[in-house]
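Protein chains: 2
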Amino acid sequence: MRIRIKPQHVEQFNQHVRNAYLCSTQPSVAPKTLVVPQPKPVIVDKGESSRYWVDPTNHMRLPRSLAAALYQTQNTQSKRSIGNMEKPSFQPKKVLILSKLTRYEFEKKVNKGCDDDQLASILRKRGSDYNRLLSKHKIHHSYLNTLQRELENAGIESRLVRRFGYTQEAVDWADAVFSAGGDGTFLMASSKVRTKHKPVIGINTDPQGSEGYMCLMRKLPEENLSGALKKLFSGNFEWLYRQRIRITVTGDDGISDAIELHDQQLNRDPATTRWTDNPRSPARENDVEECMSLSPPVKKRMISESDAKEIAMIPIEKETVELPVLALNEVFVGESLSSRVSYYEIGLNDEQMLKQKSSGITICTGTGSTSWHFNINKLTEQCVQDLMKIVAEHCNLPQIPHTDKNAVSEICTKFNQQLIFDPDRKQLAFSVRDPIFNATFPPTDPRGFADKIRIKSRGYDAHLVIDGGISYRFNDGSEAVMEVRDEDTLRTVVFR
Amino acid sequence: MRIRIKPQHVEQFNQHVRNAYLCSTQPSVAPKTLVVPQPKPVIVDKGESSRYWVDPTNHMRLPRSLAAALYQTQNTQSKRSIGNMEKPSFQPKKVLILSKLTRYEFEKKVNKGCDDDQLASILRKRGSDYNRLLSKHKIHHSYLNTLQRELENAGIESRLVRRFGYTQEAVDWADAVFSAGGDGTFLMASSKVRTKHKPVIGINTDPQGSEGYMCLMRKLPEENLSGALKKLFSGNFEWLYRQRIRITVTGDDGISDAIELHDQQLNRDPATTRWTDNPRSPARENDVEECMSLSPPVKKRMISESDAKEIAMIPIEKETVELPVLALNEVFVGESLSSRVSYYEIGLNDEQMLKQKSSGITICTGTGSTSWHFNINKLTEQCVQDLMKIVAEHCNLPQIPHTDKNAVSEICTKFNQQLIFDPDRKQLAFSVRDPIFNATFPPTDPRGFADKIRIKSRGYDAHLVIDGGISYRFNDGSEAVMEVRDEDTLRTVVFR
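Taken in order, these protein sequences are the chains called A and B. Just so you know, the first sequence maps onto residues 1 to 496 in my numbering. Just so you know, the second sequence maps onto residues 1001 to 1496 in my numbering.
Some clues are possibly wrong.
Taking lysine to aspartate or glutamate pairs in the DMTMM-like style, the calculated list, with each CA pair at most 20 Å apart, reads [to be verified]:
{"id": "1", "chain 1": "B", "residue 1": "K1452", "chain 2": "B", "residue 2": "D1424"}
{"id": "2", "chain 1": "B", "residue 1": "K1405", "chain 2": "A", "residue 2": "E393"}
{"id": "3", "chain 1": "B", "residue 1": "K1456", "chain 2": "B", "residue 2": "E1345"}
{"id": "4", "chain 1": "A", "residue 1": "K389", "chain 2": "B", "residue 2": "E1381"}
{"id": "5", "chain 1": "A", "residue 1": "K389", "chain 2": "B", "residue 2": "D1386"}
{"id": "6", "chain 1": "B", "residue 1": "K1456", "chain 2": "B", "residue 2": "D1476"}
{"id": "7", "chain 1": "B", "residue 1": "K1414", "chain 2": "A", "residue 2": "E393"}
{"id": "8", "chain 1": "A", "residue 1": "K389", "chain 2": "B", "residue 2": "E1393"}
{"id": "9", "chain 1": "B", "residue 1": "K1196", "chain 2": "B", "residue 2": "D1486"}
{"id": "10", "chain 1": "A", "residue 1": "K125", "chain 2": "B", "residue 2": "E1393"}
{"id": "11", "chain 1": "B", "residue 1": "K1414", "chain 2": "A", "residue 2": "D386"}
{"id": "12", "chain 1": "B", "residue 1": "K1389", "chain 2": "A", "residue 2": "E381"}
{"id": "13", "chain 1": "B", "residue 1": "K1414", "chain 2": "A", "residue 2": "E381"}
{"id": "14", "chain 1": "A", "residue 1": "K125", "chain 2": "B", "residue 2": "E1479"}
{"id": "15", "chain 1": "B", "residue 1": "K1125", "chain 2": "A", "residue 2": "E345"}
{"id": "16", "chain 1": "A", "residue 1": "K355", "chain 2": "B", "residue 2": "D1129"}
Rather than coming from a laboratory, the hints here were simulated on the basis of the structure.
Construct all of the structure, not just a fragment, from the sequences and the given hints.
Encoded structure:
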């Protein structure tokens, strides 16, 4: 939603937004109508401030053309059609809470035997800030305590687990799942929910560090959490449906076990990862004992070297397996090594397969279209300005306003916004990174939609990565089919 | 150079180009003026054919907007200023030839004991074509024989080595170096030449498979090789200077040994890699015995785990090392795993360091600007068309020709062409892949030039990759400074 404000009122309005956001109502008193404005782009008629958006949580400025993805909230969230109207009601008996491990907790574990002074020193050597870690740890637990308390007050039984306790059994026990963490924790939580009848709700316990794309109200202040939960329990919300990608793989030698890329990626501050706080790196087995794959193992069939020659003469039967994890954001297919070129063939719907050479390909849902897909395809104002200048000169149209920063910003914003689509849309968007076209690899549109996408690997050491966290080997000889199915829909909530 | 041809003459002209290119003059008779037209874009006034360029070697069509990089020959090759005029003369006494290993040779080696029928069968199972491999093997050796014969006829002593015999000693022995292979072999050849007085000349022995950006006449037909070499020996050429990037790294625990990513990448057909035929994958030590790192080891200092706590309290002295390899195309800095986000800080010239989060960054020379850098930054016609449409609607300028495919193609071409710059330009171009901007990581221009670039790693498992082939560990705590120095210039030849 855009609001037109006169220039002289901008500062006042921003102040209002900040105040409302950092709402100082008492947590125990639920306001009758909870008004917690989302951080929204503020558009002004003229001036530099119109091109920027200010984040109330930390007052950082961000060009509007890039905020397009971050704050494209209401427009893209679909309402189900009238024929599918379901009066919202959230009254579970049993709720499972998946909590992330805070970085503070992780560092204490990894540096066993160090007292807090020593830990502070070790962290400082790495350029990390102990006090900040501790502060974030406390904030996380403050949210968590409030959540648990409100569930108890509502007479709902709850269990708290961290990632290694987040088993299918625990999920099956629950009627609903809450994640307490950031977007990464939400992804992890939803990865084990395979039915569209079990809601998953994300609570962003790190609004400073995580964008909270998939969390309730994105960056809900802690003092407003109680009120929001009461709203939820009283049915004052709407269901939000997010489509997911089902992947079926056919391979020569079976499908490898998943490689778990999750980790708290604790070498960095803030503790965030690619576009969410989806932790990502091979779990350090030595350091953290309870390292367990979240994905059930997939049956493998080994071929011994001595049989290779004989087998070379016999057609090998390929095995087809549906991967046990659905993708909520995207599937990435490409070489594991970032500097290696990826080779594969791609077929959209039931069309012919085409050869491609690139830095890999992402296939995303509407949910994922604000994430990696967005970052690959967005244009910067620099690029848009350059192009507008070329168009102006080539077409002899000096009235094209390439020197007008506001116009460039608005045009860039419109372009970037069109990259984003509805989480409930039952289609896949593909995006080829750094496509290499030459006489051998004829060009194709590097971006588009399809109902079904088939990829045949011609890779050396390629993998198929789900939501940036779970990786399957995907080499020459393997094929994957990706599609969206209604029964894989993820149910979550939104406040309108 | 562009030629305006009337539509009715296009086919005739194309035929002429093809004939001249596949010149049928006898190899032993050197034409007085050797006219071997480079594959050039043919621009026509109207019609679909104006947007496409036809490759005479295989008749594949390629949109002009993408051919822009491939065929931007004469315009960007600099002539040194009058004050630096040096009459060309090429009269070495001793020449070293670095030949690639053909894929056929590699497969024979790896599948020891298999006769050709069995080899053919194994390859067929992988979707590879034995006959094609054999044919390319023969073509390669045909070029190689001609080269050796011409050198002998000219009274020049020559030695032939493959990669494992390509030592510094061998290079120092020679007055000049020839590479026989594709662009990857040229990169490998130039990697050991550290003086600007020793010319390196690339002969593209796989014109069908390799683009030959850095090779003599790019895709010189084999029957024209003799003539071209005679031209070279008679001084009828110009020097072409290519700038390179010197990298100096400072790290906490010393610099790791280089990881050799070279390999013949022989699982694919055609045997080409990212943007050149630069082979790339961890050398398979078990399969190919003479596996030797091309890069001299760099001194390492290990810190034991037991000292870690103690050391945490003591400032560690950092070690500064100049890497033993110069980059001719580009340096890539980023996480090793393609699906992991990269964190680092970057400072241009002597400006303040800025934090960034992205899919990594490339820093390239003019030579490299046609390569990975180009593929990252190029726009497709789809993208340009979308943007032109938005501009037309936003600015109410219906005369912007976004539905005119020719106009879109020309504008796209102009944009893409401006990405490419002179190999002799003494500046670095940086390009950030999929930059992630949000409130924590303020936006910066993702593309630009600098004389010097400093990068501080905040990586988990990051590396610094030179020309896609040699990789150095580059983790949190390490810093690299990249710059261009005159003494690192690579001298090669070009025919005008």
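Taking the hints in turn, this is what the structure says about them:
Distance restraint check for K1452 (chain B) and D1424 (chain B): the Cα-Cα separation of roughly 16 Å lies within the 20 Å cut-off, and the hinted pair is therefore satisfied. Proposed proximity of K1405 (chain B) and E393 (chain A) is supported: the alpha carbons are some 17 Å apart, at most 20 Å. As the CA atoms of K1456 (chain B) and E1345 (chain B) are separated by approximately 5 Å, the hinted pair is consistent with the 20 Å bound. For the given pair, K389 (chain A) sits about 16 Å from E1381 (chain B) by alpha-carbon distance, which is consistent with the 20 Å threshold.
Our distance criterion of 20 Å between C-alpha atoms is met by K389 (chain A) and D1386 (chain B), whose separation comes to about 16 Å. For the hint pairing K1456 (chain B) with D1476 (chain B), the CA-to-CA distance comes to about 8 Å; that is within 20 Å, so the pair holds. Of the pairs offered as hints, the one joining K1414 (chain B) and E393 (chain A) holds, with about 11 Å between alpha carbons and a cut-off of 20 Å not exceeded. The hinted pair formed by K389 (chain A) and E1393 (chain B) meets the criterion: a straight-line CA distance of about 17 Å does not exceed 20 Å.
Among the hinted pairs, K1196 (chain B) with D1486 (chain B) is consistent with the structure: their alpha-carbon atoms are about 8 Å apart, no more than 20 Å. At most 20 Å may separate the alpha-carbon atoms for a hinted pair to count; K125 (chain A) and E1393 (chain B) exceed this at roughly 54 Å. For the proposed pair K1414 (chain B) and D386 (chain A), the alpha carbon gap of about 10 Å is at most 20 Å, so the pair holds. With a C-alpha separation of about 16 Å, the suggested pairing of K1389 (chain B) with E381 (chain A) holds against the 20 Å cut-off.
A distance of roughly 18 Å separates the Cα atoms of K1414 (chain B) and E381 (chain A); the hinted pair therefore holds under the 20 Å criterion. Annotation: proposed proximity of K125 (chain A) to E1479 (chain B) holds, straight-line Cα distance about 15 Å (limit 20 Å). For the proposed pair K1125 (chain B) and E345 (chain A), the alpha carbon gap of about 17 Å is at most 20 Å, so the pair holds. For a cut-off of 20 Å, the pair hint linking K355 (chain A) to D1129 (chain B) stands: about 16 Å separates their Cα positions.
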